[in-house]
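Residue numbers (the numbering used here), protein chains in the order written: chain E, 3 to 350; chain D, 3 to 350.
Careful, some of the hints might be misleading.
Cβ pair distances, simulated, as ranges [what the hints assert, rightly or not]:
hint : chain 1 : residue 1 : chain 2 : residue 2 : range
1    : E       : D7        : D       : A187      : 57 to 63 Å
2    : D       : E56       : E       : S23       : 26 to 32 Å
3    : D       : A187      : E       : E162      : 54 to 60 Å
Partial selection, computed: residues in chain D whose CB lies under 8 Å from chain E [stated by the list, open to error]:
hint : residue
4    : T10
5    : Y14
6    : A93
7    : S94
8    : E120
9    : V128
10   : E130
11   : I156
12   : A167
No lab work stands behind these hints, which were simulated from the structure alone. Being a predicted model, the structure only gives us computed values, none of them experimental. Note that beta-carbon positions come from the ideal geometry of N, C-alpha and C, so glycine has one too.
Protein chains: 2
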Amino acid sequence: MPIPDSLTPGKYRRLKRLSDSNDRFSMLAIDQRGSLRRMFARKDGTDPSEVAPEQLRQVKRVVTRAVAPMASGLLTDPLYGYPASMDLLPASNGVLLSGEETGYVGTSEGERRSRLLEEWSPARMVREGADALKLLIYHHPDASEETCRHEQNIVASVGEACEEAGLPLILEVVTYPLGEAADDAALQARKKPDLVIDAAETFSDPRYQVDVLKLEFPANLKYVEEYQDAAFAKGTAVYDRAAVEQACARLDQAAGVPWVILSSGVGMDEFVETLKFANGAGASGFLCGRAVWKDVVDYAPDEDAMTRFMEEVGKPRVERLLEANTTARAWTEHPAYQDVGERVFARE
Amino acid sequence: MPIPDSLTPGKYRRLKRLSDSNDRFSMLAIDQRGSLRRMFARKDGTDPSEVAPEQLRQVKRVVTRAVAPMASGLLTDPLYGYPASMDLLPASNGVLLSGEETGYVGTSEGERRSRLLEEWSPARMVREGADALKLLIYHHPDASEETCRHEQNIVASVGEACEEAGLPLILEVVTYPLGEAADDAALQARKKPDLVIDAAETFSDPRYQVDVLKLEFPANLKYVEEYQDAAFAKGTAVYDRAAVEQACARLDQAAGVPWVILSSGVGMDEFVETLKFANGAGASGFLCGRAVWKDVVDYAPDEDAMTRFMEEVGKPRVERLLEANTTARAWTEHPAYQDVGERVFARE
Numbered sequence: 003m004p005i006p007d008s009l010t011p012g013k014y015r016r017l018k019r020l021s022d023s024n025d026r027f028s029m030l031a032i033d034q035r036g037s038l039r040r041m042f043a044r045k046d047g048t049d050p051s052e053v054a055p056e057q058l059r060q061v062k063r064v065v066t067r068a069v070a071p072m073a074s075g076l077l078t079d080p081l082y083g084y085p086a087s088m089d090l091l092p093a094s095n096g097v098l099l100s101g102e103e104t105g106y107v108g109t110s111e112g113e114r115r116s117r118l119l120e121e122w123s124p125a126r127m128v129r130e131g132a133d134a135l136k137l138l139i140y141h142h143p144d145a146s147e148e149t150c151r152h153e154q155n156i157v158a159s160v161g162e163a164c165e166e167a168g169l170p171l172i173l174e175v176v177t178y179p180l181g182e183a184a185d186d187a188a189l190q191a192r193k194k195p196d197l198v199i200d201a202a203e204t205f206s207d208p209r210y211q212v213d214v215l216k217l218e219f220p221a222n223l224k225y226v227e228e229y230q231d232a233a234f235a236k237g238t239a240v241y242d243r244a245a246v247e248q249a250c251a252r253l254d255q256a257a258g259v260p261w262v263i264l265s266s267g268v269g270m271d272e273f274v275e276t277l278k279f280a281n282g283a284g285a286s287g288f289l290c291g292r293a294v295w296k297d298v299v300d301y302a303p304d305e306d307a308m309t310r311f312m313e314e315v316g317k318p319r320v321e322r323l324l325e326a327n328t329t330a331r332a333w334t335e336h337p338a339y340q341d342v343g344e345r346v347f348a349r350e
Numbered sequence: 003m004p005i006p007d008s009l010t011p012g013k014y015r016r017l018k019r020l021s022d023s024n025d026r027f028s029m030l031a032i033d034q035r036g037s038l039r040r041m042f043a044r045k046d047g048t049d050p051s052e053v054a055p056e057q058l059r060q061v062k063r064v065v066t067r068a069v070a071p072m073a074s075g076l077l078t079d080p081l082y083g084y085p086a087s088m089d090l091l092p093a094s095n096g097v098l099l100s101g102e103e104t105g106y107v108g109t110s111e112g113e114r115r116s117r118l119l120e121e122w123s124p125a126r127m128v129r130e131g132a133d134a135l136k137l138l139i140y141h142h143p144d145a146s147e148e149t150c151r152h153e154q155n156i157v158a159s160v161g162e163a164c165e166e167a168g169l170p171l172i173l174e175v176v177t178y179p180l181g182e183a184a185d186d187a188a189l190q191a192r193k194k195p196d197l198v199i200d201a202a203e204t205f206s207d208p209r210y211q212v213d214v215l216k217l218e219f220p221a222n223l224k225y226v227e228e229y230q231d232a233a234f235a236k237g238t239a240v241y242d243r244a245a246v247e248q249a250c251a252r253l254d255q256a257a258g259v260p261w262v263i264l265s266s267g268v269g270m271d272e273f274v275e276t277l278k279f280a281n282g283a284g285a286s287g288f289l290c291g292r293a294v295w296k297d298v299v300d301y302a303p304d305e306d307a308m309t310r311f312m313e314e315v316g317k318p319r320v321e322r323l324l325e326a327n328t329t330a331r332a333w334t335e336h337p338a339y340q341d342v343g344e345r346v347f348a349r350e
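In isolation and in its complexed conformation, chain E is listed as follows (with noise of 0.2 Å):
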C-alpha cells in the first residue's frame, strides 16, 4: 500500500493537508492566549485579565484573514479563535487547534507543568473539523519525577486519544532555565542545544504517538559568534556557528518523527536565520506565530490600521519564510517513513 501502516488514513489525509503540494510545513499560529494578553495589558498598561475577549478575537480575525492563505496550516485556539475565524480559514488547508489551557501550573521549585483544555478532546475536536492537535508541554531533564511524569502521562493520554480520532499530534515541547540558569541568559543560550535534544529524542518515543514535533530553535543566534553584527545580538558569543549547525544535526537525529521550528516570539530577521539552519539540517518547516505578527497590536482597535499592517509587514514576512522554507524535507521523506530500502510514499 502506498501509505505506511504506521500511519492511518485520517492522519493521512490531515496531515497531507496541514502540509503544502510538496509535503512541507509552512504553519503559522495566532492561538496565543495568555501571550495575547499580556501584549495589551502591556500596551493599555492595564492587567491582563482586564483585556476583554472581542480584544482577542478581533486580533484573530485580523491576522487569520490576511495569513491563513498563505499558509499551510493555520493554529488556532478553541475557545476565541476558531469559532470567530470559521468564515476565514480556507476549508483546503489546515487548522491546528490548541489543545493545552494557556499558561502552566509553576511548582514551588520553579517548575512548569502543563493542564489540558478537558472539554476539547481529540473527538470533538475531528468532529468540528480541525486537522489537527497542537499540545504544547514542558521538558527539563532536570524537573523532579513528579513533573516529567505529569508531562508524559499527559502527552501519553493525549496521543492515544488522537490516535483513536484519526487527528495528528503536533507536540510543541519547551524548555525552560532551572536553577542557577534562571537568571543567566548567556547560561541558557549554552544549555539550549542539549535541553532541546534531550527535548526531542524523550517525546520521539513511540509509546507518545506524536506525529510531527513542534521544536524550538536548539541554540540562540543571539550569542552566536558569527551573528554579533546583526542587531539582535547580545555582544556576547558562547558558540560558533559551526556549533549551531552541529546541534541541528544532533537534533535532527535525536527527533523520530517529522519536526518544524517555532519562533518563541522573537524577531523575523533572526528567525528566518534559525529557520535556514533548522531546514538545513533535516527539519519539515516551520510552525511561527509572533514573529510574523505581534506588532498588529499596537493598532488595536482600529482595523483598518490593522490590517494595513498585516498587508504591508504581515504579509511580506509570510513571503521570507515560505522562501526560507523551500529547503524542508518533506514530512513524507522522513527517515520514519522510509522503509528498508523503498519509499513507502507513492508521490504522482
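Following the hints, put chain D in place on chain E, whose structure we already have.
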C-alpha cells in the same frame, strides 16, 4: 456569526471542502460496486460474482488518478476504492464515502429496500478522513408503508449519526417504477417528474438532517419533443422543453436544501443537457459517475490503455461538465441559508 447556526463547524468546513471556490459542487463518483461488477461480467461473459476485487480496485485507481484533481469532491466506496486510492486523493478536495451496501433488497411486490454498510458508521468515516457520507435510498410514494418506513428510518438514523459526527449527509434518492410503469419506458418518463419531486419533498423534512440532496433529473430527455433529433432520442415525445423547465422549477421549490444532479448512467451529451436545465433552475452542480468513465472497463486490465482512455476521453468529459457548471447556484446561496433579508454567509 458568519456561518449559520443550523450548520456545525465540522459540517461547514467539510461542505466547503466538497465544493469549489465558488461553493459549487463538481463531484465525481467511482463508488460503484454491483454495477461495476456487471460491466465486467457483460464484457467477459462471466458472472458478476466472479469479478475479482483487484479488477474493481484497478478501475477505481485509474479513474481516481485521472479525475480526482479536477473534481471538487470524489465519491468512492470504503471497501475497495478508498483504501486503494488513498495516495491519489488530493487532501484539499472532498472525499465522499458511500454508506450503503451495493444494490437493494427487492420485495415480492417489486419494492426496493436499502441496507447500510453497518461497519462504516459516520463517526468512523470522519475518523478515517472522509468529508461526507453519501447514502443511496430508494423512493416510491406508492410503496407499502413498511417499505417507506424502512427507507425513512435508515435516513433518519444516518442523519442523526452524521450530525453528531460533524459529517455532511449527501442523500441520493433513486425512484423506480411500480405496477404498470415497470415495463413501459414512456410511461416511466411521464411519471418521472412527480416521482423525483416527491422524493425531494419527502427527504427535505428537517428531521432527516440531510445537507445535500443528490437527485435524478426530473424528466427523461429521450422523450422530450425538442430533443427528438438527438442521438439519444427514443422517437416518442411525452412532453416538451417547457414541461421539463417547469419540472426543474418545481423540483427546486421542493428541495429544502442544496441539491445536485446525478447521471443515472446516461451518456455524456444527455447528461450535459440535464445539468444545464438543473443548474438553470437552482441546482448547485452535479455528482456524476458512469457518464464520465464507463467505457474504461472495455480497456481493462491494460492499464496503459485505460489511462489513455481517461486522458483522451474521460478528462475532456469532465471539462464539459465543469463548463456547464458555471451557472450552478452556490450552495451557500440556497434559500435554506438565507436569513431574513440578510446574508448568513460571509464571502470574503
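These are the hints, each one checked on the structure:
no.	hint	result
1	E:D7 - D:A187: 57 to 63 Å	violated, 51 Å
2	D:E56 - E:S23: 26 to 32 Å	holds, 30 Å
3	D:A187 - E:E162: 54 to 60 Å	holds, 58 Å
4	T10	holds, 7 Å
5	Y14	holds, 6 Å
6	A93	holds, 4 Å
7	S94	holds, 4 Å
8	E120	violated, 19 Å
9	V128	holds, 6 Å
10	E130	holds, 4 Å
11	I156	violated, 22 Å
12	A167	holds, 6 Å
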